[in-house]
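Following the hints, put chain B in place on chain A, whose structure we already have.
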Amino acid sequence: MSSAVKTEKLSKAFWTVKALREMSLEIPQGAIYALVGPNGAGKTTAIKVLMNIFAPSGGRAEVLGVDSSKLAGGFFTQVGYVSENQQMPEWMRVDQFFDYLRPFYPQWDRALESSLREQMELPGDRKLRHLSRGMKMKAALASSLAYRPKLIVLDEPFTGLDPLVRDQLIESLLERAAEATILISSHDLAEIESFSSHVGYLEQGRLKFSEEMSSLANRFREVVVTLAQTPSVPARTPETWLQPAAAGATFQFIDSQFEPERTGAAIRSTFGQVRDVTYTPMTLRSIFLAMAKSKRASA
Amino acid sequence: MKQTIHIFTKDLRRFTWEIALSLILLALYGWCQPVTWNPIDAIFMAQANSWRYLGANVCGFLLILAWAALLIRVISEDSPAGDRQFWITRPYRWPSLLAAKFLFFIAVVNIPLLMLQLGLLQAAGFPPFHYLARLVAMQLFLGACYLCVAALAAVARGGRQFARAAIVVLIFFLIVLWLGVSTNRAVGFDLHVHPLDWIEEAVLIVLPMVVIVRQYARRKTAQSRWILLAGGLVLLLLTAAQPANTLNEAEYPLLAPGMEPRLEVSLESPLRPATAALAIRNGKSRGKTVLLRLPLSGADMPAGYLAQVNAIRITLEASDGTRWDSGWKNAYHLFPDDPDFPHDPARKVWRGLDTPLEISRNFFDHVQDTDVTVRVATAATLFREHQGPALTPVDGQITVPDFGYCVTEQRSSERLLCRTAQREVPLMTFSRRLFKSCPPTTEDLAGLASERGAWIGTGYQNGFGLSPVSTVEFYFGDSEGKRLVGCPGTPFTPHRAEAIRQFRVENDFTGVKLADYVMQ
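Going down the list, the sequences are from chains A and B.
Going by our numbering, the residue at position 43 of the first sequence is 43; the numbering climbs one at a time, nothing skipped.
Going by our numbering, the residue at position 443 of the second sequence is 443; the numbering climbs one at a time, nothing skipped.
Think of the hints as simulated: they come from the structure by calculation, not from any bench.
Take the hints with a grain of salt, since some may be wrong.
Stated by the list, open to error - Coverage of chain A stretches by chain B, computed from C-beta distances (three or more under 8 Å per stretch; other residues unrestricted):
#1 79-87
#2 102-110
#3 117-129
#4 245-253
To be verified - Simulated crosslink set (DSS-like; lysine-lysine; CA at most 27 Å straight-line):
#5 A:Lys-18 <-> A:Lys-208
#6 B:Lys-10 <-> A:Lys-136
#7 B:Lys-220 <-> A:Lys-9
#8 B:Lys-288 <-> B:Lys-513
#9 B:Lys-10 <-> B:Lys-288
#10 A:Lys-293 <-> A:Lys-18
#11 A:Lys-150 <-> A:Lys-9
#12 A:Lys-127 <-> B:Lys-10
#13 B:Lys-2 <-> A:Lys-70
#14 A:Lys-9 <-> A:Lys-293
#15 A:Lys-70 <-> A:Lys-150
#16 A:Lys-208 <-> A:Lys-293
#17 A:Lys-18 <-> A:Lys-70
#18 A:Lys-127 <-> B:Lys-2
#19 B:Lys-220 <-> A:Lys-18
#20 A:Lys-6 <-> B:Lys-220
#21 B:Lys-513 <-> A:Lys-150
#22 A:Lys-208 <-> A:Lys-9
#23 A:Lys-70 <-> B:Lys-220
#24 A:Lys-70 <-> A:Lys-6
#25 A:Lys-6 <-> A:Lys-150
#26 A:Lys-18 <-> A:Lys-6
#27 B:Lys-329 <-> B:Lys-513
#28 A:Lys-127 <-> A:Lys-70
#29 B:Lys-288 <-> B:Lys-329
#30 A:Lys-6 <-> A:Lys-208
#31 A:Lys-150 <-> A:Lys-136
Bear in mind the structure is a predicted one, so any value in this text is a computation, not a measurement.
All residues carry an ideal CB built from backbone N, CA and C; glycine is no exception.
With the rest of the complex left out, here is chain A (with noise of 0.2 Å):
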C-alpha cells in the first residue's frame, strides 16, 4: 500500500444534485494534502465519502487499504477525522470526553494526550458547550491526534478561528506529520500553502487538478508581456493563459502550464516580437483565485 487514499471516479449524487463527480486522486502515504476549492465544491462531501459518513454514487475508495464503504468500527482506530460541524457529546467535560473516548483506542498514548491538552489550553473542568468555537476545534483535535492515528482528516478546520489558535492546531497538527498522512480540506489557503506537500484543487465537484504543491508553483506564473506598442487582446490565445488582460504597452495573463521555452514560444507566435517578459511565481491563494476567476468568466 503505497497510497493512503486512493479514489477512482468516486461521484456522490444526493437525488438530482451531483455533489462530486468521478474525483480520481490518490495521496501518498506521509503527505499533506490540502484539498481546496469555492463553496459548493463538493470538498466536505468527497470527505464524507471517504470516511464511509456517505456511500458513493459511483465509483469506489480506498482508504489505508480498505474500501471506503466498509470502514467502520475498529478501522477508526487508525483515523482522526475533525470536522467544523461535527456534533460533539456537549455536555460532557473536556476530561470526561478525553475520559471517555479513551477505552476506545487500545493505542492511546497518555503522555500524548497529557501535551497535547497542556499545548492547546485546553481546561479539563470546562463542558464542551462552554467552550469557544476554537477550543472545541482544539479539544476535536486533541481527542483525534492522541491515538497516533495514521491518516489524519480535517474538514475546515481553521474557519472562524482566529490566528493564534490557528497557528496552535497547525502547530500540533505538524508535530504529527512524520508519523502520519493529513488530508486537510480548507478555505485558509495562506495557512495551508506553508505546511501542504500536495494540493488537489475541485471545482462544482469535479477535480481540477491533484498534484504536488512544488509541482504546482512551477507549474503556475504571472506573465506581464512588454511590447513596443499598445496591444490588443488578440483574439485567440492559448487555453492555458488564464485572464488574459491588455493594459497601456504590456499584456498580462496566468499561464496554468508554466515552461520557460514552451510558454516564450507561445508568447512569441501570440504578439512577435516583444521588448520584456517577467515571469512571477504565484502564491497558492493567488492560483487558487485565478481558477476560480477565470471559471467564473468563462462560466
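Same frame as chain A, now just chain B:
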C-alpha cells in the same frame, strides 16, 4: 461487551436526572397502586385515598411518556441518523452501541418496573417469585410496545423531526383504528383470530426491529424511512383487506338439529310498539335510516352450561324477496348471565341480547306494512360449569386455588372482593347461602337455597396495565327483595366455566312487523 458497558455507563451519567425522575414517578406509582385494589366506594370515602387513586392513573400515564422520552433521548444521544455525530468516525462497533441502548432500557425501565411489580405482588399478598414468568412476559410486552418509538427515534435527526414523525404515526394509527372499528372488522375477536392479524402483529413487531438493527448496522436513514413507510402502508392495506362484517364461519360450525346443548334464541314482543310505529307513520322521524331494536332472548341452555355470544347477524326478508343483511357484528352476552333468576321463570328465558339495527329508510318504507321474516344467526362459545370445593372464610378471607384470594364485605349487599395476579381472569363466579339474619335461624338453614353471583370474566386493573394485580368484585344480590345477608363463616363455592366448543345457531321468526320495533 466492554464497549457496551462503557457506552451504557456514559448514558447513565448523561441522563442521571431523567432517570431519577422516572424512578420517582415509578415509586409514586407503587405508592398509589395498592389503594386501587380496594372497592371504588371505599377508596373515595377517604380523601387521601382518592388522591392516591388518581395518582396511580396519572403516574402510570406519565411513566409511559417518561420512558418513551428517555428512550428517544438515549437513542438520539448517539443517533444512527445524520452525518454530523462525532461517534460515526470513532471506533464504535454498532452491535455494542445497539446493545448499550438495549441495556439502558432494561436497566432503567424493565428492572425497576420488575422490582416494583414484585413488591406490589408481595404487598397484595401473593408470593412474588411464583409469578416471575408472567412478570417477564409483561416486560417483553412493554418492550414490544416501545419498538415503534425506538424505530422512529433511530431514523429521526433530532427532536423536531421525531415530533413530526410521531404526529404522522399517531394520525396513521388513528386511521387504522377507525378503519378497523368503523367497518366492524375482526368479528368474534375474543376467540377468533383472523389470519391477517398475525401478519399485522408481525409487521408491528418485526418491522421496527429490522429498521432498528439495519439503521445501526448500515445507517441508511432514507432506506429505513422508506421501509417504515412501506410497513405502514402494508398495515393499512391489511386492515382494509380484512373483510368487513364477516365471521370465519368455519370456526363456528352450525349446530345440527337436535344437537345438545344448544342455545335457542327467540324474538320477544316489542317493547313500545304503538308509539314508535305511530311516530314513524306520522312522519315525525324521516331520517335516511331507521333504528330498530329487536329484543332477543336466550333459552334452553341446560343447567351446568352457559353460552357466551360473540357475534350476531340479522337478516330481514320481505315476502317479495327484498332483503336486508346486517352482516356479522360483535356482541357479548352470557346466557344465562344469572342462572338463578331468569327474566321469564316460566319459560326459563334470559333477555339481554337486544340488538340495535340501523336499516335504510327505503327498505323500511318498502316493508313496514308487510310481514317480514327475521333470521337471527348467533355465533357463541359453549362453556361447561365446574363447581369447586366450598371455601370457608377465615377472618373474612378465602383463598381460591389458581386464582387469588377474596375478602368478604357487607355494604348495601353482600360482596366478594377478589385480587388476582393471573394474566387472564377466568370466567367464574361464586355461590353462597344468604340468610334473613345472622346467625341464621333453623328455619333459614332449612329453607333457603344458595345465591350465586353473576359470571365475570374480566378483571379491573388501574394504572395503564403496569401492575400485575387486578381486582374482581362479585355481588350476591338480594334480587327478590328479601333483605338477605351473608353470615360470617358461611362457605363460598367457586364456579368456573371451561370453554368446550364454538358453535352457531340460526333462528327464523316469521310474520314480524318491523314498525313495531322502531326505536324513535
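Hints, verified against the model:
Three residues within the 8 Å Cβ limit are the bar, and the stretch 79-87 of chain A against chain B gives 6, so the coverage statement holds. By the rule of at least three residues with a Cβ nearer than 8 Å to a Cβ of chain B, the coverage given for the stretch 102-110 of chain A holds, with 3 such residues. Residue count for the stretch 117-129 of chain A with a Cβ under 8 Å from a Cβ of chain B: 0. That is fewer than the three needed, and the coverage hint is violated. By the rule of at least three residues with a Cβ nearer than 8 Å to a Cβ of chain B, the coverage given for the stretch 245-253 of chain A is violated, with 0 such residues.
With a C-alpha separation of about 16 Å, the suggested pair A:Lys-18 and A:Lys-208 falls inside the 27 Å cut-off, and the hint holds. About 20 Å separates the Cα atoms of B:Lys-10 and A:Lys-136, which keeps this hinted pair within 27 Å; it holds. For the given pair, B:Lys-220 sits about 22 Å from A:Lys-9 by alpha-carbon distance, which is consistent with the 27 Å threshold. For the suggested pair B:Lys-288 and B:Lys-513, the alpha carbons sit about 19 Å apart, so the restraint of at most 27 Å is met.
Between B:Lys-10 and B:Lys-288 the CA atoms are separated by roughly 65 Å; this puts the pair beyond 27 Å, and the hint is violated. Simply put, A:Lys-293 and A:Lys-18 have alpha-carbon atoms about 22 Å apart, close enough for the 27 Å limit, and the pair holds. For the hint linking A:Lys-150 to A:Lys-9, the alpha-carbon distance of about 24 Å falls within 27 Å, and the restraint holds. A C-alpha spacing of about 15 Å is found between A:Lys-127 and B:Lys-10, which places the hinted pair at or below 27 Å, so the restraint holds.
For the suggested pair B:Lys-2 and A:Lys-70, the alpha carbons sit about 23 Å apart, so the restraint of at most 27 Å is met. A C-alpha spacing of about 26 Å is found between A:Lys-9 and A:Lys-293, which places the hinted pair at or below 27 Å, so the restraint holds. The suggested pairing of A:Lys-70 with A:Lys-150 holds, with an alpha-carbon distance near 17 Å, which does not exceed 27 Å. Taking the CA atoms of A:Lys-208 and A:Lys-293, the gap is about 14 Å. The hint holds against a cut of 27 Å.
For a cut-off of 27 Å, the pair hint linking A:Lys-18 to A:Lys-70 stands: about 23 Å separates their Cα positions. Pair hint A:Lys-127 plus B:Lys-2 holds up; C-alpha atoms about 26 Å apart against a cutoff of 27 Å. For a cut-off of 27 Å, the pair hint linking B:Lys-220 to A:Lys-18 stands: about 19 Å separates their Cα positions. For the given pair, A:Lys-6 sits about 24 Å from B:Lys-220 by alpha-carbon distance, which is consistent with the 27 Å threshold.
The straight-line distance between the Cα atoms of B:Lys-513 and A:Lys-150 is roughly 93 Å, outside the 27 Å bound, and the hint therefore fails. Distance restraint check for A:Lys-208 and A:Lys-9: the Cα-Cα separation of roughly 13 Å lies within the 27 Å cut-off, and the hinted pair is therefore satisfied. This hinted pair checks out: A:Lys-70 and B:Lys-220 have alpha carbons roughly 14 Å apart, not beyond 27 Å. At most 27 Å may separate the alpha-carbon atoms for a hinted pair to count; A:Lys-70 and A:Lys-6 meet this at roughly 14 Å.
Taking the CA atoms of A:Lys-6 and A:Lys-150, the gap is about 15 Å. The hint holds against a cut of 27 Å. Proximity of A:Lys-18 to A:Lys-6 is assessed by CA-CA distance (about 20 Å); at most 27 Å being required, the pair is judged to hold. Under the criterion of a C-alpha separation no larger than 27 Å, the hint pairing B:Lys-329 with B:Lys-513 is consistent with the structure, at around 23 Å. Our distance criterion of 27 Å between C-alpha atoms is broken by A:Lys-127 and A:Lys-70, whose separation comes to about 34 Å.
Distance check on the hinted pair: B:Lys-288 and B:Lys-329 sit about 21 Å apart at the alpha-carbon level, within 27 Å; holds. Distance check on the hinted pair: A:Lys-6 and A:Lys-208 sit about 16 Å apart at the alpha-carbon level, within 27 Å; holds. For a cut-off of 27 Å, the pair hint linking A:Lys-150 to A:Lys-136 stands: about 22 Å separates their Cα positions.
Against the hints set out earlier in the document, violations occur for numbers 3, 4, 9, 21, 28.
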